[in-house]
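Now for the letters of each chain:
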Amino acid sequence: SQTIHQWPATLVQPVGSPLSLECTVEGTSNPNLYWYRQAAGRGLQLLFYSVGIGQISSEVPQNLSASRPQDRQFILSSKKLLLSDSGFYLCAVRPGGGAYEQYFGPGTRLTVT
Amino acid sequence: QQPVQSPQAVILREGEDAVINCSSSKALYSVHWYRQKHGEAPVFLMILLKGGEQKGHEKISASFNEKKQQSSLYLTASQLSYSGTYFCGSLTDSWGKLQFGAGTQVVVTP
Numbered sequence: 027s028q029t030i031h032q033w034p035a036t037l038v039q040p041v042g043s044p045l046s047l048e049c050t051v052e053g054t055s056n057p058n059l060y061w062y063r064q065a066a067g068r069g070l071q072l073l074f075y076s077v078g079i080g081q082i083s084s085e086v087p088q089n090l091s092a093s094r095p096q097d098r099q100f101i102l103s104s105k106k107l108l109l110s111d112s113g114f115y116l117c118a119v120r121p122g123g124g125a126y127e128q129y130f131g132p133g134t135r136l137t138v139t
Numbered sequence: 031q032q033p034v035q036s037p038q039a040v041i042l043r044e045g046e047d048a049v050i051n052c053s054s055s056k057a058l059y060s061v062h063w064y065r066q067k068h069g070e071a072p073v074f075l076m077i078l079l080k081g082g083e084q085k086g087h088e089k090i091s092a093s094f095n096e097k098k099q100q101s102s103l104y105l106t107a108s109q110l111s112y113s114g115t116y117f118c119g120s121l122t123d124s125w126g127k128l129q130f131g132a133g134t135q136v137v138v139t140p
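Taken in sequence, the protein lines are chains A and B.
Those letters in the first sequence? Residues 27 to 139, per the working numbering, in order.
Those letters in the second sequence? Residues 31 to 140, per the working numbering, in order.
None of these hints come from the bench; they were simulated from the model.
If you're wondering where the values come from, they're calculated on a predicted model, not measured in any experiment.
Careful, some of the hints might be misleading.
[As the list claims (entries may be wrong)] Capping the alpha-carbon separation at 25 Å, the derived lysine to aspartate or glutamate pairs in DMTMM-like fashion look like this:
no.	chain 1	residue 1	chain 2	residue 2
1	B	K127	A	E48
2	B	K127	A	E127
3	B	K67	A	E48
4	B	K127	A	E85
[As the list claims (entries may be wrong)] So the derived label-pair ranges between C-beta atoms look like this:
no.	chain 1	residue 1	chain 2	residue 2	range
5	B	K89	A	Y126	22 to 28 Å
6	B	D47	A	S93	43 to 49 Å
7	B	P37	A	T36	28 to 34 Å
Note that beta-carbon positions come from the ideal geometry of N, C-alpha and C, so glycine has one too.
Input sequences plus hints: build the corresponding full structure.
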């Protein structure tokens with residue numbers, strides 16, 4: 027079974043500062059990778075997904091971007107954070123090999139002040 | 031299009047049963063169910079695939095009506111550990127993009 031790592035676990039950043047969140051996966055190859063955001067007390071919003079190295083699709087236009095430099099590494103970035111970027115950022119993995127399930131990592135809680 | 035979950039919240043005593051419903055306006059490949067405890071990431075419970083394949087978790091089971099694009103999650107003989115927010119995720123394409131419902135908060139009391 028796969029293991030998903032996310033860091034940092036928590037982050038407090040001022041408005042206008044840059045952001046880099048990282049997700050790495052162990053135990054599977056060629057996974058589909060996803061970034062979701064959950065605002066406080068709300069549901070899960072899909073931000074980006076990737077089906078392979080360098081392949082990124084955006085679901086929601088915003089000041090965030092994503093990259094996948096390696097098969098099992100997924101990065102979420104921003105050049106300038108907004109207050110509205112606060113939330114719980116979750117990386118999800120759909121394991122390779124024909125699996126349908128998606129599993130979430132532990133998440134990064136971001137507060138923009 | 032986000033699936034619609036009902037009810038928004040339910041309070042149960044230990045040992046009682048509950049049903050959570052999830053409906054979509056789009057044709058579904060599959061429905062995924064998760065449970066999220068406060069401050070934690072969602073945990074995968076089960077997936078229901080088009081064609082009727084079904085999995086279970088503890089005393090939690092689910093059904094999937096493909097024609098109606100609806101799924102129901104059944105909490106049987108609820109335990110305190112069942113408390114949390116339950117989300118259904120609908121899969122409407124082959125890329126694995128899940129659209130989540132707003133969630134159903136379940137509180138199980140002693």
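How the hints compare with the structure:
1. B:K127 to A:E48: Distance ~20 Å between K127 of chain B and E48 of chain A Cα, so the pair holds.
2. B:K127 to A:E127: The hint holds at about 11 Å.
3. B:K67 to A:E48: The hint holds at about 23 Å.
4. B:K127 to A:E85: Answer holds: K127 of chain B to E85 of chain A is near 9 Å, not above 25 Å.
5. B:K89 to A:Y126: 22 to 28 Å: holds (23 Å)
6. B:D47 to A:S93: 43 to 49 Å: Once the Cβ atoms are compared, 46 Å apart, the range 43 to 49 Å for S93 of chain A and D47 of chain B holds.
7. B:P37 to A:T36: 28 to 34 Å: holds (32 Å)
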